[in-house]
Amino acid sequence: MESAIEIRDLVTYYGEREILKNISLSIPQRKTTVILGGSGCGKSTLLKHLIRLLKPTRGSILINGQDITQMDEEELNKVRQKMGVLFQGSALLNSISVADNVALPLREHTRLKESTIQIMLRMKLDLVGLSGFEHLYPSQLSGGMKKRAALARAIALDPEMLFFDEPSAGLDPVTAAGLDELILKLKNVFRMTIVVVTHELASVFAIADYVVMLDFGEVIFSGNLDELKASDHPRIRMFLERRPEKEAYSPEDYFRIIAGD
Amino acid sequence: MPSLVENFLGLIGRKAITHLQDVHDASKLINDTFYWTFLSPFKGKKIRVRASISEMVKTGYNSVPIVAVISFFVGVILALQAAYQLRRFGALIYVANLVGVSITRELGPILTAIIVAGRSGSAFAAEIGSMKAAEEIDALVSMGINPVRYLVVPKLIAMMVMLPALTIFSDSIGLLGGFLLSVLALGIHPYNYFQQTINALLIKDILTGLTKAWAFSIVITLVGSYQGFKVAGGAEEV
Chain A
1 MESAIEIRDL VTYYGEREIL KNISLSIPQR KTTVILGGSG CGKSTLLKHL IRLLKPTRGS
61 ILINGQDITQ MDEEELNKVR QKMGVLFQGS ALLNSISVAD NVALPLREHT RLKESTIQIM
121 LRMKLDLVGL SGFEHLYPSQ LSGGMKKRAA LARAIALDPE MLFFDEPSAG LDPVTAAGLD
181 ELILKLKNVF RMTIVVVTHE LASVFAIADY VVMLDFGEVI FSGNLDELKA SDHPRIRMFL
241 ERRPEKEAYS PEDYFRIIAG D
Chain B
1 MPSLVENFLG LIGRKAITHL QDVHDASKLI NDTFYWTFLS PFKGKKIRVR ASISEMVKTG
61 YNSVPIVAVI SFFVGVILAL QAAYQLRRFG ALIYVANLVG VSITRELGPI LTAIIVAGRS
121 GSAFAAEIGS MKAAEEIDAL VSMGINPVRY LVVPKLIAMM VMLPALTIFS DSIGLLGGFL
181 LSVLALGIHP YNYFQQTINA LLIKDILTGL TKAWAFSIVI TLVGSYQGFK VAGGAEEV
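Protein sequences, first through last, are from chains A and B.
At position 31 of the first sequence the residue is numbered 31 (our numbering), and the sequence of numbers has no breaks.
At position 75 of the second sequence the residue is numbered 75 (our numbering), and the sequence of numbers has no breaks.
Derived by calculation from the structure, the hints in this document are not laboratory data.
Be a bit skeptical, because a hint or two may be false.
DSS-like mimics (lysine-lysine), calculated; alpha carbons at most 25 Å apart, straight line [to be verified]:
#	chain 1	residue 1	chain 2	residue 2
1	B	Lys-45	A	Lys-78
2	B	Lys-230	B	Lys-28
3	A	Lys-82	B	Lys-46
4	A	Lys-82	B	Lys-43
5	A	Lys-113	B	Lys-45
6	B	Lys-132	A	Lys-78
7	B	Lys-46	A	Lys-78
Full structure from sequences and hints, please.
Here it is in structure tokens:
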């Protein structure tokens, strides 16, 4: 199994707080990898490191053998053109239309003619099922349509890798399932390496080839779906069976907390 | 328990570190902005001309009415007050000198700058700030588009063109205000007033005013954008 992304000894602090504690893992090529974990476990932070929105305190991230933590901006931008990112809030530019949003990477990074850009734009919008919506503005779209439009923008330059930050957050089950199907299609048809950050179990079982589970900034599991289901790690069982965390403190502790010392 | 001295030194240290961070961020923005505006076009990275023009409309053209109204009244008031004092010395005609020089050198640029800072400076901060809060800036970075080049450079170009232009406009309207008041209320002969103004004004006065306007334009853009980029977190920060 060839790996597309190789993370070695990644450590990150937000101020004094250690968010990622010595993470090492490899993400396989042309497969869908899901990074799973509860809220606040550092999975979104990890994703932001993979696209170099954040710089780690220590450690290295190799994408196709090149360490992106050591790159300057120009080299990084070359790597970023081979990546597409779908943000949690879809992050379409609100001041321009859907068409301009999708065409933005094409206009900025290629010297294609406007007529060619228009054709590519319609192809991408058709792929995500948004034909005919190109003249609307992001504020006129529903949540699911925004995500689809943002996905069209992410794949505008035919990237090798796609990153999704909580794709199903805030969507109804039907729309979320539609998005999952789209992810599968992108992997199967375009053979992209896909990394999805989520805590949505239903979608994990639908799309994942490979699962990485984070807990409090550490990797507690990596493997395929069957291995995940068979795992007897207590945190993973809690996650899969939707059990709440036990009360962490006793009544005496509680009184001490509310008394404030 | 840390002693009082330790607490005090710690306080100074913490304050100093936050301020140093601010200084660092601001200098980085200034550096990036000048690089992408003045140097990168020579390295084949094109400037977004269309966006610059639309920013010019927003910051310049749309400010014309308010600049006109305020400049006109400042010209009128200046002439009125000057006449009140100068009449006692029988030097009424020097109203023209006073209005001409003070408007072109000082009042025109500063009034325009204050109006544009209020309108556009805060609009820049709000625009960039809300984009930051909605992850739009992150999205630009992840697409390999430099947010400073994409957002700040068109604004800077628009401001560098439009603020001096608005200043010239403000100068002329202010002079017109002084002229109208002097002719209609003070009874100065229009031709005399006109000649007096022409004689009083040096081309240096006007150029000084325009240089000020140009400097203000850079400060307004950078401060507005910096405040926008500083936003972290939700909408209320904007």
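Honestly, which of those hints from before does the structure not fit?
none
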